[in-house]
Each structure stands twice: as structure tokens, then as C-alpha cells.
Amino acid sequence: NAGVTQTPKFRVLKTGQSMTLLCAQDMNHEYMYWYRQDPGMGLRLIHYSVGEGTTAKGEVPDGYNVSRLKKQNFLLGLESAAPSQTSVYFCASSYSRAARGLAGGLSSYNEQFFGPGTRLTVL
Amino acid sequence: AQSVTQLGSHVSVSEGALVLLRCNYSSSVPPYLFWYVQYPNQGLQLLLKYTSAATLVKGINGFEAEFKKSETSFHLTKPSAHMRDAAEYFCAVTARSGAGSYQLTFGKGTKLSVIP
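So the sequence lines, in the order shown, correspond to chains A and B.
Residue numbering for the first sequence follows my numbering, beginning at 1 and increasing consecutively.
Residue numbering for the second sequence follows my numbering, beginning at 1 and increasing consecutively.
Treat the hints with caution; some may be incorrect.
Stated by the list, open to error - Estimated spans, in silico, between C-beta atoms of each pair:
1. Ile60(B) <-> Met19(A): 33 to 39 Å
2. Pro8(A) <-> Pro40(B): 18 to 24 Å
3. Thr86(A) <-> Pro79(B): 16 to 22 Å
4. Leu69(A) <-> Ile115(B): 45 to 51 Å
5. Leu46(B) <-> Thr54(A): 37 to 43 Å
6. Gly62(B) <-> Arg119(A): 27 to 33 Å
What the hints assert, rightly or not - Which residues of chain A face chain B? A few of them, derived with a C-beta cut under 7 Å, are:
7. Ala2
8. Pro39
9. Gly40
10. Tyr109
11. Gln112
12. Phe114
13. Pro116
14. Gly117
Because the hints were derived from the structure by calculation, they are not lab data.
Even glycine gets a Cβ: it sits at the ideal position worked out from N, Cα and C.
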């Protein structure tokens with residue numbers, strides 16, 4: 001299995017240009033996520049998807065759009081790139097796992113698997 | 001809502017010394033907690049996770065973390081640092097969103113340097 005792959009690995013854009021980042025996973029995961037990573041800021045969630053055909057906004061969605069037409073793919077689009085969008089973008093996918101607590105009760109949680117990242121520079 | 005605070009954006013230790021990376025969380029519901037490691041120019045890799053089965057959690061590469069509810073902490077430790085441990089470490093907390101998806105909230109990261 002390839003896991004989570006991202007295309008392209010690097011890209012340089014001029015202000016105002018558009019582009020699409022592609023994320024693909026071969027683990028049949030229901031959930032997929034797009035994050036951006038900036039120095040000293042950790043990872044911030046841009047958009048996410050809980051299944052094919054569904055998307056939702058995360059913490060920093062402005063300036064981005066997403067689509068999940070197929071379960072295995074999650075696209076991140078920049079319609080009009082700005083220098084503030086210079087960042088490293090990570091895609092992740094996850095599935096629900098069961099967990100048994102100390103008291104014996106069952107609950108569930110997500111374990112996310114990350115792609116290698118796309119380094120985007122907007123001039 | 002959840003939040004994570006990692007104390008110290010940069011920690012330096014000598015090879016063979018104890019590694020201690022601090023993480024405190026805030027959560028209105030019982031949390032699940034994770035530590036991820038990121039090596040230079042790579043994605044994030046899961047180091048270990050707390051899912052309420054045991055408070056002391058062992059992970060890969062000799063790391064472990066202890067969940068302390070009274071201190072709202074989940075500090076990461078390793079008895080003896082190795083050069084290959086030099087990386088950035090992220091603590092994360094999760095809880096269910098209103099849309100039914102599980103989101104991770106990350107701390108800002110701690111960069112670990114290991115001095116020979």
C-alpha cells in the first residue's frame with residue numbers, strides 16, 4: 001500500500017494564479033483532511049471530509065476550496081493564490097477505531113495517517 | 001473545544017540524556033491524546049496514543065507518555081536520547097465534531113535537538 005500520497009511535492013505560484021493539490025489514499029478511509037503547517041504555528045486544519053461527496057470547514061478555510069468526488073481522493077484548490085498561502089500543506093486520512101477504557105466501556109477515536117506534504121510558495 | 005499547549009518550542013539534550021517534552025491539554029470531554037514526530041522534510045508519523053485503556057503509554061523508538069488527568073498533562077519521555085531522535089514533536093488532542101468527524105487539534109510543536 002502506498003498510504004497517503006500528495007501531488008505535487010513542490011510548487012511555486014505567482015499571486016493571483018490558481019492551482020489544485022491532489023491527495024490520494026488507498027486505505028479505504030472514510031475521513032480525509034487538509035492542513036497547513038507554518039513555522040511556530042503547528043498544523044491548522046483547512047477543510048475536512050467525512051465521506052465521499054461531503055466537505056466541511058476547518059479552522060482556516062478562507063481562500064481554499066475542496067472537493068471529494070471519489071472516496072480515495074481529496075482535492076484542495078486555491079482560486080487566487082496570495083503570499084499568505086505560502087506554506088507546507090499536509091493531507092491526512094483516518095478511520096474510526098474502537099477503544100476500551102479502564103472501566104471496560106467502548107468508545108471510538110480516529111487515527112490519522114499523513115502524506116509527505118506539498119511545499120507551496122506564492123510570490 | 002480542545003486546545004494543546006507544548007511548553008518549549010525548542011529543547012536541546014545531550015546524547016544519552018533524558019528527553020522530556022511537555023504537553024498540557026484542555027478539553028471539555030474526556031480526551032484522546034497523541035504524539036506525532038516529524039523528521040525533516042517528511043510528514044507526521046504517529047509515535048504513541050492514549051485512548052483511555054492505560055495511563056502509561058509506550059510508543060515506538062523507546063518513547064513513552066503518561067496521561068495525568070489531575071494535571072491535564074501528557075508529557076513525552078525517553079530515558080536516553082539518540083541522535084536519530086532529532087526531529088519536531090507534536091502533541092494533539094481529539095474529540096468529536098458536530099459533523100460526526102474526529103478532528104485533531106495540534107500543539108505548536110517542540111523541536112528536539114540532540115547534542116553529540
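Results of checking the hints against the structure:
Checking the proposed 33 to 39 Å range against isoleucine 60(B) and methionine 19(A) shows it holds: the Cβ atoms sit about 35 Å from each other. Checked against the hint of 18 to 24 Å, the C-beta distance between proline 8(A) and proline 40(B) comes to roughly 19 Å, which is consistent with it. Range check, threonine 86(A) to proline 79(B): about 39 Å between beta-carbon atoms, so the 16 to 22 Å window is missed. Range check, leucine 69(A) to isoleucine 115(B): Cβ separation about 50 Å, and the 45 to 51 Å hint holds.
Distance hint check: the CB atoms of leucine 46(B) and threonine 54(A) are about 25 Å apart, inconsistent with the given range 37 to 43 Å. Between glycine 62(B) and arginine 119(A), the C-beta spacing of about 30 Å keeps the proposed range 27 to 33 Å intact. Proximity of alanine 2(A) to chain B is violated relative to the hint, the smallest CB-CB distance being about 13 Å (cut-off 7 Å). Contact between proline 39(A) and chain B, as hinted, is not supported at the beta carbon level, the nearest pair being about 9 Å apart and thus beyond 7 Å.
A least Cβ separation of about 6 Å between glycine 40(A) and chain B falls short of the 7 Å threshold, and the interface hint therefore holds. For tyrosine 109(A), the shortest C-beta to C-beta distance to chain B is roughly 4 Å, which falls under 7 Å, so the interface hint holds. A hinted interface residue such as glutamine 112(A) counts as satisfied when its beta carbon comes closer than 7 Å to some beta carbon of chain B; here the least separation is about 6 Å, so the hint holds. Of the supplied interface hints, the one on phenylalanine 114(A) holds, with its beta-carbon coming within about 4 Å of a beta-carbon of chain B, less than 7 Å.
The restraint placing proline 116(A) at the interface with chain B holds, with a minimum CB-CB distance near 5 Å, inside the 7 Å limit. Hint on glycine 117(A) holds. Least Cβ distance to chain B is approximately 6 Å, under the 7 Å limit.
Going through the hint list in order, the structure does not satisfy hints 3, 5, 7 and 8.
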